[in-house]
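Those sequence lines, one after another, are chains A and B. Heads up, the first sequence is in the working numbering, so the first residue is 75 and it goes up one at a time. Heads up, the second sequence is in the working numbering, so the first residue is 75 and it goes up one at a time.
Keep in mind that the hints are not guaranteed to be accurate.
Chain copies aren't distinguished; within one or between two, either way the pair holds.
Stated by the list, open to error - Think about it this way: if two alpha-carbon atoms lie no more than 20 Å apart in a straight line, the pair counts; the simulated EDC-like pairs of lysine to aspartate or glutamate are: (1) K302 <-> D335; (2) K228 <-> D172; (3) K289 <-> D123; (4) K289 <-> D172; (5) K349 <-> E287; (6) K289 <-> E112; (7) K261 <-> E342; (8) K261 <-> D231.
If you are wondering where the hints come from, they were derived from the structure by calculation, not from laboratory data.
There are 2 protein chains.
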Amino acid sequence: MWAFINNQFVTVDQAVLPVSDLSIQRGYGVFDFFRTAEHVPLFIDHHLDRLRHSASVLRLQLPYNNVELKNIVRELIRKNSLSSSGIRITVTGGNAIDTYTPTTPNLIITQSTLTMDAAFDPSKGLHLITEEYVRELPTVKSINYLMGVYLQQKVKDSGASDVLYVKNGFISELPRSNVFVVTTDNKLLTANEHVLYGITRNHILQIATSVLEVKEQPVSLTDVLNAKEVFVSSTTKRLLPVFSVNGNKVGNGNTGTVTTDLYQRFLEMEHQFIKKGW
Amino acid sequence: MWAFINNQFVTVDQAVLPVSDLSIQRGYGVFDFFRTAEHVPLFIDHHLDRLRHSASVLRLQLPYNNVELKNIVRELIRKNSLSSSGIRITVTGGNAIDTYTPTTPNLIITQSTLTMDAAFDPSKGLHLITEEYVRELPTVKSINYLMGVYLQQKVKDSGASDVLYVKNGFISELPRSNVFVVTTDNKLLTANEHVLYGITRNHILQIATSVLEVKEQPVSLTDVLNAKEVFVSSTTKRLLPVFSVNGNKVGNGNTGTVTTDLYQRFLEMEHQFIKKGW
Chain A
75 MWAFINNQFV TVDQAVLPVS DLSIQRGYGV FDFFRTAEHV PLFIDHHLDR LRHSASVLRL
135 QLPYNNVELK NIVRELIRKN SLSSSGIRIT VTGGNAIDTY TPTTPNLIIT QSTLTMDAAF
195 DPSKGLHLIT EEYVRELPTV KSINYLMGVY LQQKVKDSGA SDVLYVKNGF ISELPRSNVF
255 VVTTDNKLLT ANEHVLYGIT RNHILQIATS VLEVKEQPVS LTDVLNAKEV FVSSTTKRLL
315 PVFSVNGNKV GNGNTGTVTT DLYQRFLEME HQFIKKGW
Chain B
75 MWAFINNQFV TVDQAVLPVS DLSIQRGYGV FDFFRTAEHV PLFIDHHLDR LRHSASVLRL
135 QLPYNNVELK NIVRELIRKN SLSSSGIRIT VTGGNAIDTY TPTTPNLIIT QSTLTMDAAF
195 DPSKGLHLIT EEYVRELPTV KSINYLMGVY LQQKVKDSGA SDVLYVKNGF ISELPRSNVF
255 VVTTDNKLLT ANEHVLYGIT RNHILQIATS VLEVKEQPVS LTDVLNAKEV FVSSTTKRLL
315 PVFSVNGNKV GNGNTGTVTT DLYQRFLEME HQFIKKGW
């Protein structure tokens, strides 16, 4: 498998960073992640734009513009010859002599066989627990997943599938997914702040306007518990229904019609993207 | 310069981690840092115990016991032949195939010429700004310094020296230091929770009992602003006086007698440790 570091393609065993890199020293870096299907990197422009936003907030200078990044990605896809895959672009704080101050970033692009978290299966849904937490600098896709990784054990011990962050009664997101609520009066709600603006999230918002009323607004845990349907979205999950939160059944405790409909429409959007090419 | 990775000494240019390491992927890892003086690693047992605590909370299995770690440190000090230095032991989440779940940790020990942040100079003090924030898992010396590194620009733009974290009116710590308040009625206060239990902090608490009344308790920003003296402590700072917070002069705006006294006593404690050897 080939990877790309800074200015060259290397085999993945040579994809290493010096321990002075600020990601290792201080967890300081950003990344983005997208899938390829039929050798096409899905919604790559949106992911590159978000990477650029993340890097900009953390004052990390991206060494390439989007066209250059896309050329590197194109070459990586060609060299690795994986049809369906995940591609991750990481931009770190660089080799910091003082172990604290960002310097020229290290850029790493890796490609791997993709494991989708789960295929959409209406008979299966997520069981969530909640945790009082809100992510730092939430619009930035930083590499800081300290709480997400840490909470895995609690999720496992609870027999749950994942954790929903709640702060002062309002929900934000899962460690790696956005959350949507379909209300009993058929509105689609999703948190308007304290979240990463997921690419799948944004596409769902766009698709959903032709199906039901859509509102980006503060969403409370009560909204979730009173919902008709709840689902999460992410690049590796597309849409997945939520069946329970803290042991409380959500809606009917199974996959709702709006979730299924939006999932189908999102799939179609992906197919259109692939057909169009890039 | 020599470093140590997992099970071998390597030259520092070979001190690298694969990009699949969970520190690079998810900012997941812990570390500890101590100084050496006259080839003696100061208070090493305290630092190793804290490293063990940090690793344990994040469920990272340290591959060596304290005796073994001290033998490696002893050999590193011998090989590098630096009299005064900083030694950092980092333990990461390891090479994570799924990019999310901790696995066998990578252990890295590096030694570098030490730059003390500043020598104690009674004519110089820190000027702090405050930020509404509390560190995640504060008793763990994790590598997550996202906010600390991010806020450097704000500190610089404010013409300040560093940032003090405040949450709901109560202070916790600086990104890399603890904070002490000497009240006008001669009590020494320091936050009892939401902080990293600094090794220097703990020694100051120990030393100070013979000088004045000592209280570990919640400390408000008002306590700081009404203080007779404020100082910070850390391994690389020892004790440094604070002269102002958000532009407000603290105490007389210069170095107080308690701060100076405790600094001298801490220096003496260091000297005794070096004399005793390890």
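Evaluated hints:
1. K302 <-> D335: within (14 Å within a copy, 65 Å between copies)
2. K228 <-> D172: between (36 Å within a copy, 18 Å between copies)
3. K289 <-> D123: neither (24 Å within a copy, 50 Å between copies)
4. K289 <-> D172: neither (46 Å within a copy, 34 Å between copies)
5. K349 <-> E287: neither (29 Å within a copy, 74 Å between copies)
6. K289 <-> E112: neither (34 Å within a copy, 64 Å between copies)
7. K261 <-> E342: neither (22 Å within a copy, 68 Å between copies)
8. K261 <-> D231: Classified as neither; 34 Å inside a copy, 44 Å across copies.
Of the numbered hints stated above, those contradicted by the structure are hints 3, 4, 5, 6, 7 and 8, listed in ascending order.
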